[in-house]
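Novice: Residues per chain, in single letters:
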Amino acid sequence: MKLSQLEIGQNAIIQKVECSNDLKQRFYSFGIIKGATIEVEAISLAKNTIEILVEDTSIGIRVEEAKSIEVEMI
Amino acid sequence: MKPMRIILAGQPNVGKSSLINAMSNSRLKVGNFSGVTVEKTEICFEHHCHQIEMIDLPGTYSINGFSQEELVARNYLLNEEYDVIINVIDSTHLTRNLLLTLELQNLNKKMVLALNMYDEARNEGIHIDAKQIEAITGIPTIAVSANTKEGIDELLDTVHHIYDDEKRLKSKISYSDAIEDTIFKVRKFLDEKNYKYKDLSTREMSIKLLIEDKEFFKEIHDKPIFMELQPLLVKSMKKIYSYYETKDIVDIQSQEYHSIARGIRAETLKREDKKPPKKLTKKIDEILINKFAGIPIFLFFMWGLFQLTFELGAIPMDYIDAGFSWLGDAVGQSVSHEGLRSLIVDGIIAGVGAVVLFLPNIIILYIGIALLETTGYMSRVAFLLDGFFHKFGLHGKSFIPLVTGFGCSVPAYMATRTLKNEKDRLITLFIIGFMSCGAKLPVYVLFAGAFFAPEVAGNVLFYIYIAGALLGLVMAKVLRLTIFKGDDEPFVMEMPKYRLPTLKLIYIIVSQKAWSYLKKAGTFILAATILIWFASNYPKHESGNASLQLEHSYLGQTGKLSEPFFAPLGFDWKLAVALETGLAAKEVVVATLGILYNIENEVDEESDQLLSAIKEQIPFATAVSFIVFIMIYLPCFAASMVFAKEAGGYKYLGYLFIFTTTVAWIMSFIAYNITLAII
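Protein chains in written order, with the working numbering: chain A, 4 to 77; chain B, 989 to 1667.
Since the hints were made in silico from the structure, they are not lab data.
Here are the simulated DSS-like cross-link-like pairs (lysine-lysine), alpha carbons at most 27 angstroms apart as the crow flies:
1. Lys5(A) - Lys1379(B)
2. Lys1235(B) - Lys70(A)
3. Lys1227(B) - Lys27(A)
4. Lys37(A) - Lys1258(B)
5. Lys50(A) - Lys1465(B)
6. Lys1270(B) - Lys50(A)
7. Lys27(A) - Lys1411(B)
8. Lys1155(B) - Lys1176(B)
9. Lys70(A) - Lys1379(B)
10. Lys37(A) - Lys1270(B)
11. Lys1181(B) - Lys1155(B)
With the hints as extra help, turn the sequences into a complete structure.
Specialist: Structure representation (structure tokens):
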């Protein structure tokens, strides 16, 4: 499933990141990489942005970008 | 002696600027959201009789990226001359910060690792073995805290020591077997060929080949050795590709760095289970970025800030006002020469007084903005508003320069550098002017005060700001759909931990801004005031009648010349003149109005006088139209220069002039006629 499909409080492991190199580089520098564990912390009104926790860092991501991250729920 | 050049590199929000402060007590802006330090800052101080120069690079998560800041940082690191890099790390986010360290290490420069915020980490129950990190990476590592000053001396000693050392310490990091195997083979080949490049070891050269370092490839590509090297490289890379199941070197590099960073963390960091980290931040976030409450809370904060600016600011204003009129009286009595007295009292004291009068308002506004920045709330607001902003063709991050624009357009223009996408950046640059800056506040306060009761004036002020901001958003959409079509930047942004700024920090930020405002009043605005005074008093009219004098002065002539252009908006030549002088600086608008409307009242320059003069002499519809024009037209001279620099050329300033003047004229025309129709 996609990261964008998770609800608040759910945990998941990243399986695949598929997007442009530019965006990929940015994801990587935040620790958003295959095998990393994430937790959804918050979702904004109308679900435009979601906040996830990766390795002690909270990161805000736009839903469109979150669609490029494949995850498996745990 | 040549100064020792130290570069501070690190990710955003790691406290680089605070660390520079701690090392040198300099005045530097320190913020808690991504991208405060957008300028290269150099400071000097004495340590061990060494002249030291510090360069604070913009915070970047990586130096391989494409954003403006990442490019600035990378270009500086690659092309400039410097002696030592201090890689500043947030001890509470070790793994992520080490990723940048690994990238920096492949630059093969002298480097020191500063584990900053060590006091905070300790409070969270985190212990890091700095010596162990040093043993694994080969980079001297010091635990420091900019807050408590611990480790600062040790850090400076280490930097000093490394600087004096002739030899550069080599990296001790080992990669995965597949990569080490390749490094070994390539290195052996380079050793056999006895190949030399700068001060690099053959191992370092091999790594450069593996990470596809453009510069090194260019260097070696033209050498005969490349003929034999190429097949070896191709063969080795194939092995690596199959090991990692991808041919994307960015993927491979990231995976590799991640596993090394995690490995270092596992071996050096111990966490006590005394309390789960981030609890407080999470609790606060549950309210502040709550789905439903988040945006109303933010709007409430903004509304409160503007109320405070107006209500609280009014108290010291009365005293300043009284002070300047007393000064005008006192000086006026002691100067006998009429022309000179007029220059000092009506020109200088009245003009500068009108500017200083608004200092309390501006200080309050800046305190508010400084709090937004330093607590980390600004990033949350970007998170909340991205959906909204995105609809207008803007990026959630545009919010940061836009809000800064309410303070002053100059730093706002510079803050747009955090936007990676060129079009996002240009659109944001073009609409920053719609966010009324602090210098426009005096004009609004004056007019709101003249036409509305004190109880509602604060609300009117708030609506003026909101109207400007909304118009800016609409214009952003218009620009996005017409001139700047194209893709926008992805939104991936760190939400830093909430931090309570120290009073000293707020004091430093606000006093810096207040001083620069006053300095502007003392120099630029003073000069402009004298010029306006001269232009309004000369050539001398024979009649001696004050209003006739003004009408026939240089200033009056200029205003009259442009009157036809402004006539459909309801402006007379006086208001036209005020607008024109406002091109120099917005503060001058009030000063000009002061001179133009208080002319018959020679001694008393109190703003109450100006207030009632405006109330009597300017029709309400004209006032509305004037406010709208002020809100939209070209920012001050200084800001315009910065705009041209940030946008990438003076031709953009030309576009901005045409854009803002056209919009201002049309909107004022509409506002004028609607107000006329209603009343």
